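Colleague: Just so you know, the sequences run in chain order A and B.
According to my numbering, the first sequence is numbered sequentially starting from 1.
According to my numbering, the second sequence is numbered sequentially starting from 1.
No wet-lab data here; the hints were simulated from the structure.
A few of these clues could be false.
[To be verified] The calculated PhoX-like cross-link candidates involving lysine-lysine, where the alpha carbons are at most 20 angstroms apart (straight line), are:
1) A:K70 - B:K61
2) A:K11 - A:K87
3) A:K89 - A:K171
4) B:K72 - A:K81
[As the list claims (entries may be wrong)] Just some of the chain A residues that point at chain B, by a computed CB distance under 10 angstroms:
5) L6
6) S46
7) N50
8) L54
9) G68
10) K70
11) P75
12) G78
13) K81
14) G83
15) K87
16) R88
17) L102
18) I106
19) P207
[As the list claims (entries may be wrong)] If you want the footprint, here are the derived chain B segments under chain A, 3+ residues with CB under 8 angstroms:
20) 33-41
21) 54-67
This structure is a prediction, so every number in the text was calculated from the model and none was measured.
Note that beta-carbon positions come from the ideal geometry of N, C-alpha and C, so glycine has one too.
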Amino acid sequence: MTLLNLNEIEKKAYRSTFQDGLWDIFLGLLLLNLAVGALLANRGVSERLNMIILTALGVLIVLAFVIGKKRITVPRMGVVKFGPKRKRKIWKSRLILLGSVLAGLIVFLAALLISYHPAGRPKILFLLPAAWVANTIIVFSLLAYYLDCARLYAYGLLFALPVPCQIILKKFFGVNLITMTLAVSAAVMIFVGTLLLNRFLRDHPLPMKEL
Amino acid sequence: MNDERMENQNLQPLAEIDRVIHEPARLLILAYLSVVESADFLFLMNQTNLTRGNLSSHLSKLETAGYVEIKKEFVDKIPRTLLRLSEKGRIAFHEYRRNMKQVLDSLSE
Numbered sequence: 001m002t003l004l005n006l007n008e009i010e011k012k013a014y015r016s017t018f019q020d021g022l023w024d025i026f027l028g029l030l031l032l033n034l035a036v037g038a039l040l041a042n043r044g045v046s047e048r049l050n051m052i053i054l055t056a057l058g059v060l061i062v063l064a065f066v067i068g069k070k071r072i073t074v075p076r077m078g079v080v081k082f083g084p085k086r087k088r089k090i091w092k093s094r095l096i097l098l099g100s101v102l103a104g105l106i107v108f109l110a111a112l113l114i115s116y117h118p119a120g121r122p123k124i125l126f127l128l129p130a131a132w133v134a135n136t137i138i139v140f141s142l143l144a145y146y147l148d149c150a151r152l153y154a155y156g157l158l159f160a161l162p163v164p165c166q167i168i169l170k171k172f173f174g175v176n177l178i179t180m181t182l183a184v185s186a187a188v189m190i191f192v193g194t195l196l197l198n199r200f201l202r203d204h205p206l207p208m209k210e211l
Numbered sequence: 001m002n003d004e005r006m007e008n009q010n011l012q013p014l015a016e017i018d019r020v021i022h023e024p025a026r027l028l029i030l031a032y033l034s035v036v037e038s039a040d041f042l043f044l045m046n047q048t049n050l051t052r053g054n055l056s057s058h059l060s061k062l063e064t065a066g067y068v069e070i071k072k073e074f075v076d077k078i079p080r081t082l083l084r085l086s087e088k089g090r091i092a093f094h095e096y097r098r099n100m101k102q103v104l105d106s107l108s109e
């Protein structure tokens, strides 16, 4: 980086906000939450109870993330407001995320309605895994691009892969390991996040005096 | 006489270099502040790798020159020093870049 390359300076400043590992741990925990859901479903827990547990855990994860950012990151790294160009990129990424959640919700609800079809499980349900893979890869790639965070490309794959892996394992070995495949992907993200968090805490000790 | 005038003309951009900005640490501070809307003291200290004392002294000089606006506030009872490039600072930084480019471009091999 040359000293006067302002674009690089802006990117470096922005990327530094992702180096605390909390986003990685957050995404890993969200995926782990899905693994818990799959585990509970396999154990015969009712759909309604499963949804309640997943929602409660999801809320806890989001709260832990927000508190972590406030208590761990901000006191060590300080605060920054980025310029209009970066703000536009952040807004675009928020819209992408919102669009993805809405698309996922619509597909989920449609699948739920179709699964109660009197003629049994229609073949269109087999498109669900493809929709999951496409949605996660496209959304994470767009987020990686707009947020200038290359790790998100890999996380898109880690979110997408458990589903096709499970299909292959079931087809060739007859085993249902969806909990395991989701948990492995989640563990990778949590591991990376923990390493980053450890490095962040080492490199950014709490300042002695308030600034 | 003509040669002397030409030499003076060539040196003109060099004479216009802003000495407040023409110091590596202050240049770095302004470069960071020029790409963000605002940042607090801690963020700038982390990004520039300057010590607290060093950053503080350079910020004082930039504030005296009217290039940086410094606002102290309390967030959750914790004091926070918010920094922002002033309009005057933005113009000065832009001119500094232009002048330096001119000077460096005119340097012969």
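Colleague: So, for every hint listed, does it hold in this structure?
Modeller: For each hint, the structure was consulted:
For the given pair, A:K70 sits about 32 angstroms from B:K61 by alpha-carbon distance, which is inconsistent with the 20 angstroms threshold. At most 20 angstroms may separate the alpha-carbon atoms for a hinted pair to count; A:K11 and A:K87 meet this at roughly 13 angstroms. For the suggested pair A:K89 and A:K171, the alpha carbons sit about 42 angstroms apart, so the restraint of at most 20 angstroms is broken. Note on B:K72 and A:K81: the hinted pairing holds, with a Cα-Cα distance of about 16 angstroms set against a maximum of 20 angstroms.
Checking A:L6 against chain B by beta carbon gives a least distance of about 5 angstroms; that is within 10 angstroms, so the hint holds. Taking 10 angstroms as the C-beta contact cut-off toward chain B, the hint placing A:S46 at the interface is violated, the least distance being around 43 angstroms. For A:N50, the interface hint is violated, since its Cβ never comes within 10 angstroms of a Cβ in chain B; the closest pair sits about 38 angstroms apart. Restraint check, A:L54 versus chain B: the minimum CB separation of about 32 angstroms is more than 10 angstroms; hint violated.
Hint on A:G68 is violated. Least Cβ distance to chain B is approximately 16 angstroms, over the 10 angstroms limit. With a cut of 10 angstroms, the hint placing A:K70 at the interface with chain B holds, because the nearest CB-to-CB distance is about 9 angstroms. Checking A:P75 against chain B by beta carbon gives a least distance of about 8 angstroms; that is within 10 angstroms, so the hint holds. Hint status for A:G78 relative to chain B: holds, with the closest Cβ pair at about 3 angstroms, below 10 angstroms.
The restraint placing A:K81 at the interface with chain B holds, with a minimum CB-CB distance near 4 angstroms, inside the 10 angstroms limit. With a least beta-carbon distance of about 6 angstroms to chain B, the hint placing A:G83 at the interface is held under the 10 angstroms criterion. Interface restraint check for A:K87: the shortest CB-CB distance to chain B comes to about 8 angstroms, inside 10 angstroms, so the restraint holds. With its C-beta approaching chain B no nearer than about 13 angstroms, A:R88 sits outside the 10 angstroms limit, and its interface hint is violated.
Using the Cβ-Cβ criterion of 10 angstroms, the hint placing A:L102 at the interface with chain B is not satisfied: the shortest such distance is roughly 30 angstroms. Of the supplied interface hints, the one on A:I106 is violated, with its beta-carbon coming no nearer than about 36 angstroms to a beta-carbon of chain B, more than 10 angstroms. About 6 angstroms separates the beta-carbon of A:P207 from the nearest beta-carbon of chain B, less than 10 angstroms, and the hint is met. With 8 residues bearing a CB less than 8 angstroms from a CB of chain A, the segment 33-41 of chain B meets the requirement of three and the coverage assertion stands.
Check on the segment 54-67 of chain B: 0 of its residues sit with their Cβ under 8 angstroms from a Cβ of chain A, so the three-residue criterion for coverage is violated.
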